[in-house]
Every structure is written in structure tokens, then in C-alpha cells.
Amino acid sequence: DTEVTQTPKHLVMGMTNKKSLKCEQHMGHRAMYWYKQKAKKPPELMFVYSYEKLSINESVPSRFSPECPNSSLLNLHLHALQPEDSALYLCASSEGRGPGATDTQYFGPGTRLTVL
Amino acid sequence: AQSVSQHNHHVILSEAASLELGCNYSYGGTVNLFWYVQYPGQHLQLLLKYFSGDPLVKGIKGFEAEFIKSKFSFNLRKPSVQWSDTAEYFCAVNKKNTGFQKLVFGTGTRLLVSP
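If you're matching them up, the sequences are chains A and B in order.
Residues 233 to 348 (the working numbering) make up the first sequence, in order.
Residues 663 to 777 (the working numbering) make up the second sequence, in order.
If you are wondering where the hints come from, they were derived from the structure by calculation, not from laboratory data.
Each hint should be verified, as a subset may be incorrect.
To be verified - With a cut-off of at most 27 Å between alpha-carbon atoms, the simulated DSS-like pairs for lysine-lysine come out as follows: (1) B:K720 to B:K733; (2) A:K285 to B:K758; (3) B:K764 to A:K254; (4) A:K272 to B:K764; (5) A:K273 to B:K757; (6) A:K285 to A:K250; (7) B:K711 to A:K273; (8) A:K285 to A:K241; (9) A:K254 to B:K723; (10) B:K733 to B:K757; (11) A:K285 to A:K251; (12) A:K241 to A:K272; (13) B:K757 to A:K285; (14) B:K764 to A:K241; (15) A:K273 to B:K723; (16) A:K270 to B:K731; (17) A:K272 to B:K757; (18) B:K764 to A:K285; (19) B:K733 to A:K251; (20) B:K764 to A:K273; (21) B:K733 to B:K711; (22) A:K273 to B:K758; (23) B:K764 to B:K733; (24) A:K272 to B:K723; (25) A:K251 to A:K273; (26) B:K711 to A:K270; (27) B:K733 to A:K254.
Construct all of the structure, not just a fragment, from the sequences and the given hints.
So this is what it looks like as C-alpha cells:
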């Protein structure tokens, strides 16, 4: 089973709202990722968690706040977003075996976010 | 900075035609290479990957790719496409021996297969 699930599938929010995106995997993977994909563009890495610790933050604005409460769950908390933040937000996971590893990332279906 | 180029942005083929999609990367070190596919309305799925060994790798659905180190290329091929192969194809690269798997994606190639 290589399934990564994400909820909700679609989200519409105003610029003053606070919302959260959720991601879950039950493959025993220890690395989890958030990507942002704008229309007709490739996914761009936002955050990487490894063993529940934030390992990479690709200079993402603080209005995006990731959280990894346990090894199976990854959240992305959203606050005071801008219309240009509208995009497909993808979660991925991999075994996370560390340097030199031959990890493969498996992606969820994404949450399509619209900021009004 | 590491980058990945996919020169064919849009490709239109008839069913049964052969397919080759180009992918070149700029990083000079040792890399892992991937092709992902995104069918309309679906999530990114792994087609195939190369880590080491035989530079010709076979993936799902009849796809294969060849790693040519001297050309920094990892082109995707399929001898005979089907209408169901209509999708967007992304090449992705990450550096070996880095702590965590920072995948860099190419800009994607939209393939339309006409029946």
C-alpha cells in the first residue's frame, strides 16, 4: 500500500481565516513533505519533516506553519493567506532512511486551495 | 543551483506512435532520477526511478528511461502510446548523499494522445 491521504480535497478561505490541511500515511515512512503546485507548474518543495522534526524549510512565509504531531500525520496550518497562495498543496512521504538513501516519495492527491 | 529541464512542453501523438520525452539536469554530482505522471484529476504517481546500476530502467505501463551520465539526461520512452497515456509527465532529480530528499522537478510535459 503506497497511499497518502489528504483532507480536505478542496478548501476556499478568506484572507483573514485560519484553516489547516491534513496529510496521513500508514506506510511507516519517517519523512514527510509539503509541496505547492501552481497551475501548469511543477511542484515546489515547501517543508520536509524527518522523524517528526522539521528538517527543511524552503524560505516559506510564516503564514504557512507546518506541524508533525506523530510519524503518520502532517498538518499545514494556514493563516492570513494571500490570493497568490491559491494552489494545489501536495503531501508526500518516503522511508526517510537518511543520507545516501534511495528514498522514493509517494504523493497524496492534494488539497486545492482557493484564497479569496 | 540544481535545475531540471524538460524541453518538450506539449506533445501531441496519435495512438500507437512512439514517445520520447527529454529530461536534462544541471547538477554535476551523483543523483537519483525519477519520472512521475499526473493523469487528469489524479495525483502524482511514480512511473520509474533510477538510483544506480543498469542505466536502462523499466517502469509501469510499458515505460522505460535511459540514464546517460555524460549527457546529464534521463529520457522517457514508450514504443507505442495509448489514449490512456494522456497526462502530464514530470522528471525529478535529487542529490545522493544529502540528508533529506529534496526533489527538484522539471517544468513538465503535457502529452495528448489522440485516438
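Verification of the supplied hints:
no.: 1; hint: B:K720 to B:K733; in the structure: holds, 20 Å
no.: 2; hint: A:K285 to B:K758; in the structure: holds, 21 Å
no.: 3; hint: B:K764 to A:K254; in the structure: holds, 21 Å
no.: 4; hint: A:K272 to B:K764; in the structure: holds, 21 Å
no.: 5; hint: A:K273 to B:K757; in the structure: holds, 22 Å
no.: 6; hint: A:K285 to A:K250; in the structure: holds, 23 Å
no.: 7; hint: B:K711 to A:K273; in the structure: holds, 21 Å
no.: 8; hint: A:K285 to A:K241; in the structure: holds, 26 Å
no.: 9; hint: A:K254 to B:K723; in the structure: violated, 31 Å
no.: 10; hint: B:K733 to B:K757; in the structure: holds, 17 Å
no.: 11; hint: A:K285 to A:K251; in the structure: holds, 22 Å
no.: 12; hint: A:K241 to A:K272; in the structure: holds, 19 Å
no.: 13; hint: B:K757 to A:K285; in the structure: holds, 21 Å
no.: 14; hint: B:K764 to A:K241; in the structure: holds, 25 Å
no.: 15; hint: A:K273 to B:K723; in the structure: holds, 24 Å
no.: 16; hint: A:K270 to B:K731; in the structure: violated, 31 Å
no.: 17; hint: A:K272 to B:K757; in the structure: holds, 25 Å
no.: 18; hint: B:K764 to A:K285; in the structure: holds, 15 Å
no.: 19; hint: B:K733 to A:K251; in the structure: violated, 46 Å
no.: 20; hint: B:K764 to A:K273; in the structure: holds, 17 Å
no.: 21; hint: B:K733 to B:K711; in the structure: holds, 18 Å
no.: 22; hint: A:K273 to B:K758; in the structure: holds, 25 Å
no.: 23; hint: B:K764 to B:K733; in the structure: holds, 22 Å
no.: 24; hint: A:K272 to B:K723; in the structure: holds, 24 Å
no.: 25; hint: A:K251 to A:K273; in the structure: holds, 24 Å
no.: 26; hint: B:K711 to A:K270; in the structure: holds, 24 Å
no.: 27; hint: B:K733 to A:K254; in the structure: violated, 40 Å
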